[in-house]
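Q: Chains as they are written, first to last, in the numbering used here: chain A, 180 to 431; chain B, 15 to 356.
Keep in mind that the hints were calculated from the coordinates and are not lab data.
Even glycine gets a Cβ: it sits at the ideal position worked out from N, Cα and C.
Worth double-checking, as some hints may not be accurate.
To be verified - Straight-line alpha carbon distances no greater than 30 Å define the calculated DSBU-like cross-link-like pairs of lysine-lysine that follow:
(1) A:293 x A:346
(2) A:299 x B:342
(3) A:299 x B:334
(4) B:297 x A:251
(5) A:182 x A:299
(6) A:182 x A:200
(7) A:293 x A:251
(8) A:200 x A:301
(9) B:342 x A:293
(10) A:299 x A:251
(11) B:334 x A:301
(12) B:200 x B:297
(13) A:200 x A:299
(14) A:293 x A:182
(15) B:200 x A:293
(16) B:297 x A:301
(17) B:200 x A:301
(18) B:334 x B:200
(19) A:200 x A:251
(20) B:297 x B:180
(21) B:99 x B:200
(22) B:99 x A:299
(23) A:346 x A:301
(24) A:346 x A:299
What the hints assert, rightly or not - Computed, partial: chain B to chain A, Cβ under 7 Å:
(25) 204
(26) 213
(27) 217
(28) 222
(29) 347
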Amino acid sequence: MDKLLTLSQVNKRFGGVVAAKDVNMEVYAGEIHGLIGPNGAGKTTVLNLISGITPVDSGTITFLGRDITTMKPHDRARMGLGRTFQTPRFLDRSDIEENILLANDLNERISFFKSFVSPKSKTFIPHLDELTRVADFSFYLEDNISSLTYGQRKMLEIVRSMITSPKLILVDEPAAGLNNVERDRVMTLLRLAANDRGIGIVLIEHSMDMIMDCCQNITVLNFGEVIACGSPQDVSNDEAVIEAYLGRRKDA
Amino acid sequence: MNVCMSYMKKQTRQFLVVAVILALAAVLVPTLSSHYVITVVNGALVFYVGCLGICVMLGYGGMVSFATISFMGFGAYMSANLSLKAGMPFLICMLGAMVFAGFCALVIGAILLRLSGTFFTFSTVALVLIVYDLFTNLRTLTGGPDGMGGIPPFNIGSFVADTSPKNFYFLFVASILAALFVHRLKYTNLGRRLAAVRDNEIAAATMGVDVYRTKVTAFVIAGVLSGLSGSLMVHNYHFVGSSSFVFDQSTTMVIMAMLGGVSHPGGVFLGTMIITMLPEWLKPLQEYIRLFYGLGVMLLMVFMPAGLWGLGEQISTRLKERFHLSRKTRIGADDASPKEVV
């Protein structure tokens, strides 16, 4: 499998708080890589460092064989680095169509002149329809984003990201606040991306069932440090992980 | 296929309605109005082109800039100088004004847009004050407060706008072209990038949008439109003086755009016309006009944040939904392939 992303010795401090300390991580094409840890472990920070929203203090990030450590977020996105957020981020004042068209622009890269002459591309509709079916929900293209439920917005964010034809998607807690049915649909969607399309996925999630179900590899963070890394079985038997999640056993 | 057809039909229908209204205006305004009213309307059309720049910046991109009036000034003086000192024909003056104002916008925008939100807005206020001072004191280039007079009228080939109705025709065509450009811009990839920058900068960046560059591009487009407006101004009035480019005037322009509906060229047109004609209609209330004006703006912000056009759109959407007239494209589960619901 192709290696997509490498983090080596990545550090980030916010004042006195160490959000990431010597983080090493590797993500391969077609794998779902879980990123777990207790609250405040620095999971979202690591995603922000990878997508470039916050700059690293030291260390290097390599994506598709290129050093992207100092690259701007939009350039990383153009290289094929997708991202979804804990609370979905959309163009709230625009309709769904415009939101998807924006993602489609990243996929098609038409010139300004061409889009001025023939503005409304409809080429994305079959793809969008297919993905929406996989996620088993539906909507009208002309409606505002606010007409979708919270769960649908979370799913549409993953769909939007897939429309951009990414190589790697960073998914931040896709199932938080979703019911079981919706959670299963999110998992189907992520599996489709990874297995059928060979997209690498970094998945932050608090639901252990989901992590154990769909991840091939897991990285466990605690206080900004990687305390374990490996397959779901290895990680769930790891002493340090059990301690971080459940606390140390007190010997009487 | 079906979806595309109905879309085309809707476009054609809208186009026909707009074309008929414009044709009526083109015939009726010069024939039915007095010489004085035509002059007032001409002035409004000049400002309309500048306000279209505010439409791009504020309506599409969500950036409040008060600098429109300064870039109008850059365009106006460029046009006046090219015309009076270099003896250039009108079209060259106009192009020169647009290029010069656009260039100034590029340089200034690249600096000011490093600031965000209210900080950027305040920096544009400061810019207006600085530029006004320059216009007043650089007498060799601007004529200062005394201004520059004797600027020739619009002329292209054998068409010379030596009367107010002829001025009207020229300004009418120019502002329609500018409005069409701005209207179309919204549906291009740049328009979408601007909407993304307006609504959520982080989401925009993750969709590959270069936020800073998009903002500067919008600022330059607004600058070019302002430059055009400035050039139209000097050739319409045959005069330019620095007192036209005071801060007061730039707030008026922002209000013009906001009142009508800043995210649509049609709304901006309504606003420009209303604000220009209001002093004429409210002549009896002369002393209190500013009071009503201020009250009006306050009420507007409370009850119609999207302006008159926004209100109209809201009503039309409600009506369409009520009578099931809206055509929508269904995506996803329930039925077979995306189908059209009438």
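Q: Does the structure keep residue 297 of chain B and residue 301 of chain A at a Cα separation of 30 Å or less?
A: Violated: residue 297 of chain B and residue 301 of chain A sit about 52 Å apart, past 30 Å.
Q: Quickly compare the C-alpha distance for residue 200 of chain A and residue 301 of chain A to 30 Å and report which way the hint goes.
A: Cα-Cα ~46 Å, so violated.
Q: Mind checking the alpha carbons of residue 99 of chain B and residue 299 of chain A for me, to see if they're no more than 30 Å apart?
A: violated (46 Å)
Q: Should the hint that residue 222 of chain B touches chain A count as held when the rule is a Cβ pair under 7 Å?
A: With Cβ-Cβ at 4 Å, under 7 Å, it holds.
Q: Given the hinted pair residue 342 of chain B and residue 293 of chain A, is their Cα-Cα distance within 30 Å?
A: This hinted pair holds, its Cα atoms lying about 25 Å apart.
Q: Was the hint right that residue 217 of chain B lines chain A, CB cutoff 7 Å?
A: holds (4 Å)
Q: Straight-line Cα separation of residue 293 of chain A and residue 182 of chain A no greater than 30 Å?
A: violated (36 Å)
Q: Given the hint that residue 200 of chain A pairs with residue 299 of chain A, does the C-alpha gap stay at or below 30 Å?
A: Roughly 46 Å separates the two Cα atoms, so the pair is violated.
Q: Take the C-alpha atoms of residue 334 of chain B and residue 301 of chain A, compute the straight-line distance between them, and say whether it is at most 30 Å.
A: holds (23 Å)
Q: Given the hint that residue 299 of chain A pairs with residue 334 of chain B, does the C-alpha gap stay at or below 30 Å?
A: holds (22 Å)
Q: Given the hint that residue 297 of chain B pairs with residue 180 of chain B, test it: the Cα-Cα distance must not exceed 30 Å.
A: Answer holds: residue 297 of chain B to residue 180 of chain B is near 27 Å, not above 30 Å.
Q: Please verify whether residue 200 of chain B and residue 293 of chain A have alpha carbons no more than 30 Å apart.
A: holds (14 Å)
In the structure shown, a violation is registered for the earlier hints numbered 4, 5, 8, 12, 13, 14, 16, 21, 22, in ascending order.
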